[in-house]
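Quick mapping for you: the protein sequence lines, in order, are chains A and B.
Start counting the first sequence at 0; every next residue gets the next number (numbering that gives the first Met the number 0).
Start counting the second sequence at 0; every next residue gets the next number (numbering that gives the first Met the number 0).
Hints in this document: simulated from the structure, not taken from any laboratory.
Given the structure is predicted, the values throughout are model-derived calculations rather than measurements.
Each hint should be verified, as a subset may be incorrect.
Given that identical chains are not distinguished, each listed pair holds provided it fits within a single copy or across any two copies.
SDA-like, lysine to any residue: derived pairs with alpha carbons at most 25 Å apart [unchecked claim]:
1. Lys-78 x Thr-91
2. Lys-78 x Pro-31
3. Lys-78 x Arg-58
4. Lys-78 x Asp-15
5. Lys-78 x Ser-47
6. Lys-78 x Arg-51
7. Lys-78 x Ile-19
8. Lys-78 x Arg-59
9. Lys-78 x Glu-38
10. Lys-78 x Asp-106
11. Lys-78 x Ile-34
12. Lys-78 x Leu-17
13. Lys-78 x Ala-124
14. Lys-78 x Arg-16
15. Lys-78 x Arg-110
16. Lys-78 x Ala-111
Below, each chain spelled out in residue letters.
2 protein chains.
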Amino acid sequence: MVRQKTAAEAEEASHDRLSIRLDLESGARIGPGKIAVLEEIARSGSLSAAGRAMGMSYRRIWELVDDLNRSLGAVLVEKTAGGSGGGGAVLTEAGRAVITCYHGIEDDAERAAAPHIARLREALAAG
Amino acid sequence: MVRQKTAAEAEEASHDRLSIRLDLESGARIGPGKIAVLEEIARSGSLSAAGRAMGMSYRRIWELVDDLNRSLGAVLVEKTAGGSGGGGAVLTEAGRAVITCYHGIEDDAERAAAPHIARLREALAAG
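In isolation and in its complexed conformation, chain A is listed as follows (with noise of 0.2 Å):
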């Protein structure tokens, strides 16, 4: 499952954020955008209305997709077959196991990172 963040918890995180670029020995790099655009493919499910909903173009979506399998040396995501409307896309396991990674990453560097901020705060408070 794709793990989304509750309101509750969104609204109890502090305003400070983190933004994460994976860069993994194989040559993939994951960052906050690919993520949203694999993320835009689940809930449509469809690579066009993925791109019409983050403003992109289909090839454009398709390069992204194709950029991680390559690198990634797996499928994320599935054309499926469709009816006069043409195709769907699916999330493979493999594409679903990315945005968990990348979330859960996320999720623990922020934790990780609260305790730094705060120092932070107390020195340039001092300074």
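Put chain B on the given structure of chain A with help from the hints.
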């Protein structure tokens, strides 16, 4: 003290890398580029030398420092009176605290990321 990884620590680390950008509630945005600028100022003791080392103009270096000073509400870099060649620059306690905070988050986040990345690798191998 500015935390530097020893060669041994760098050696044993995996080649997976996290890049972190910190967006603080105050509006400050702190990422690898600004941290590298602060570190180069600390190393070289001069804004213009830091600019030369990083291929950036003095003006650009100063803009980055000034942006941090304003958004954090603290002076991170102090210009020092110089001789005939013009003055130098040193980091204040607050400037050093920013670097320490950033690398502390980076170190903890990399440690926290490792098991998530291991699980991702398993999922990719199984897919």
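Here is what the structure says about each hint:
no.	hint	in the structure
1	Lys-78 x Thr-91	within (10 Å within a copy, 55 Å between copies)
2	Lys-78 x Pro-31	within (23 Å within a copy, 37 Å between copies)
3	Lys-78 x Arg-58	within (14 Å within a copy, 50 Å between copies)
4	Lys-78 x Asp-15	neither (38 Å within a copy, 30 Å between copies)
5	Lys-78 x Ser-47	within (11 Å within a copy, 54 Å between copies)
6	Lys-78 x Arg-51	within (17 Å within a copy, 50 Å between copies)
7	Lys-78 x Ile-19	neither (28 Å within a copy, 33 Å between copies)
8	Lys-78 x Arg-59	within (16 Å within a copy, 46 Å between copies)
9	Lys-78 x Glu-38	within (15 Å within a copy, 47 Å between copies)
10	Lys-78 x Asp-106	neither (30 Å within a copy, 39 Å between copies)
11	Lys-78 x Ile-34	within (18 Å within a copy, 42 Å between copies)
12	Lys-78 x Leu-17	neither (33 Å within a copy, 30 Å between copies)
13	Lys-78 x Ala-124	between (54 Å within a copy, 21 Å between copies)
14	Lys-78 x Arg-16	neither (34 Å within a copy, 31 Å between copies)
15	Lys-78 x Arg-110	neither (37 Å within a copy, 36 Å between copies)
16	Lys-78 x Ala-111	neither (38 Å within a copy, 34 Å between copies)
Hints 4, 7, 10, 12, 14, 15, 16 from the earlier list are contradicted by this structure; the remaining hints agree with it.
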